[in-house]
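Participant: The chain contents come next:
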Amino acid sequence: MKCIIIDDEVAARAIVKQLCSKVSTLDIIGEFDNAIEAIKFLNQYDVDLIFLDIHMPGFSGVDFVQTLKNPPKIVMTTSDTEFAIAAYEYEAIIDYLVKPITQVRFEKCIQKVENTSFVTNSKNTTKANQEDVGEDLYINIDRRLIKLKLNDILVVEAKGDYIEVKTTKQDYRVHTTLKKIKEKLPENTFLQIHRSYIINFTKIIDIEDNSVLIEKSVIPISRSNRPELMRRLNLL
Amino acid sequence: MLEKPNLFYVQELAGDDLAFENKFIGILKDEFPLEQQEYVNCIEKSQLMDAAQIVHKLKHKFNILSMTESYTFAVAYEEELKKSRPQMDKRFREILNTIEDYLKTI
Numbered sequence: 001m002k003c004i005i006i007d008d009e010v011a012a013r014a015i016v017k018q019l020c021s022k023v024s025t026l027d028i029i030g031e032f033d034n035a036i037e038a039i040k041f042l043n044q045y046d047v048d049l050i051f052l053d054i055h056m057p058g059f060s061g062v063d064f065v066q067t068l069k070n071p072p073k074i075v076m077t078t079s080d081t082e083f084a085i086a087a088y089e090y091e092a093i094i095d096y097l098v099k100p101i102t103q104v105r106f107e108k109c110i111q112k113v114e115n116t117s118f119v120t121n122s123k124n125t126t127k128a129n130q131e132d133v134g135e136d137l138y139i140n141i142d143r144r145l146i147k148l149k150l151n152d153i154l155v156v157e158a159k160g161d162y163i164e165v166k167t168t169k170q171d172y173r174v175h176t177t178l179k180k181i182k183e184k185l186p187e188n189t190f191l192q193i194h195r196s197y198i199i200n201f202t203k204i205i206d207i208e209d210n211s212v213l214i215e216k217s218v219i220p221i222s223r224s225n226r227p228e229l230m231r232r233l234n235l236l
Numbered sequence: 001m002l003e004k005p006n007l008f009y010v011q012e013l014a015g016d017d018l019a020f021e022n023k024f025i026g027i028l029k030d031e032f033p034l035e036q037q038e039y040v041n042c043i044e045k046s047q048l049m050d051a052a053q054i055v056h057k058l059k060h061k062f063n064i065l066s067m068t069e070s071y072t073f074a075v076a077y078e079e080e081l082k083k084s085r086p087q088m089d090k091r092f093r094e095i096l097n098t099i100e101d102y103l104k105t106i
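Residue numbers (the numbering used here), protein chains in the order written: chain A, 1 to 236; chain B, 1 to 106.
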């Protein structure tokens, strides 16, 4: 199995590497001190198993799992049992190892990994699915159907019973919900980054802390949507 | 009296792989002082959430060095720091100093 290790501590990575070296079926092909670097690696290489530290500053192990569209098998490593239990919410997480990891516990974990059938990915592309969708969207305003080019839509904002569709030309107020328009927008171009906002991903000018800039609008990014946004970025 | 660190876990992990044992001790010697200094800086600047983060890392070192009581103490201290209560700092630094002294002997 091709494995990678993600942990911000050198000592912790060294321990997992040493444990892996005693199991002939495991091949460590990368180690990373942060999740962002690992995401870039996963975009290029197939990986069967990830040893992932839950508690990392900034971008935690759980955030990382949420960013993976088709995750490989994951074993969480942690100093806190309570974090580990939370991690079991994700299908890809096969087991968790509490630090300091012993040889006996590690071997049991690998057995469990090998015995678990799980449909793993090939590469985790950062690009969204290239869906075959139309280029236009008709919106109903005062009994008129107005054609919008999808590529002209910048931002869709929920405003009570209405949504506001901001385009490169003008803004439209439509009586519908964010959920309904989201179903009509192609996933490879549009992304919900906040409870009240869907953005045209290709129109981002920059991203700063917890907001994105699109034309002159600053759009907030919610904590729960941030991992998906990070996954979509073509990070250098 | 503070418990003493030891290399039992590291030696068990290494088995007869002396190269790993030496390399790992080197990692501890490199990584621990940086984390220790980072902790001191955070406390001095009253950055208690950051201090909690570094205590979280340091407590893993306590585990590696088989310091179970110190680990339990660090778990409690990490939670206290998250509540902006750094009163356990003095004893925590004593543990850090014990490890610092120990790492000089190996």
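Just so you know, not all the hints are guaranteed correct.
Derived lysine-lysine pairs resembling DSSO-like cross-links, with alpha carbons at most 27 Å apart [stated by the list, open to error]:
hint, chain 1, residue 1, chain 2, residue 2
1, A, K180, A, K203
2, B, K104, A, K17
3, B, K23, A, K2
4, B, K82, A, K17
5, B, K23, A, K22
6, A, K17, B, K29
What the hints contain is simulated information worked out from the structure, not anything from laboratory work.
Participant: Now, for every hint given, state plainly whether the structure supports it.
Facilitator: Okay, the hints, checked on the actual structure:
1. For the suggested pair K180 (chain A) and K203 (chain A), the alpha carbons sit about 21 Å apart, so the restraint of at most 27 Å is met.
2. Between K104 (chain B) and K17 (chain A), the direct Cα distance comes to roughly 25 Å. Compliance with the 27 Å bound is thereby established for this hinted pair.
3. With a C-alpha separation of about 24 Å, the suggested pair K23 (chain B) and K2 (chain A) falls inside the 27 Å cut-off, and the hint holds.
4. Our distance criterion of 27 Å between C-alpha atoms is broken by K82 (chain B) and K17 (chain A), whose separation comes to about 32 Å.
5. Restraint check for K23 (chain B) and K22 (chain A): the C-alpha separation of about 17 Å stays at or below 27 Å, so the hint holds.
6. Simply put, K17 (chain A) and K29 (chain B) have alpha-carbon atoms about 19 Å apart, close enough for the 27 Å limit, and the pair holds.
The structure does not agree with numbered hint 4 stated previously, though it agrees with all others.
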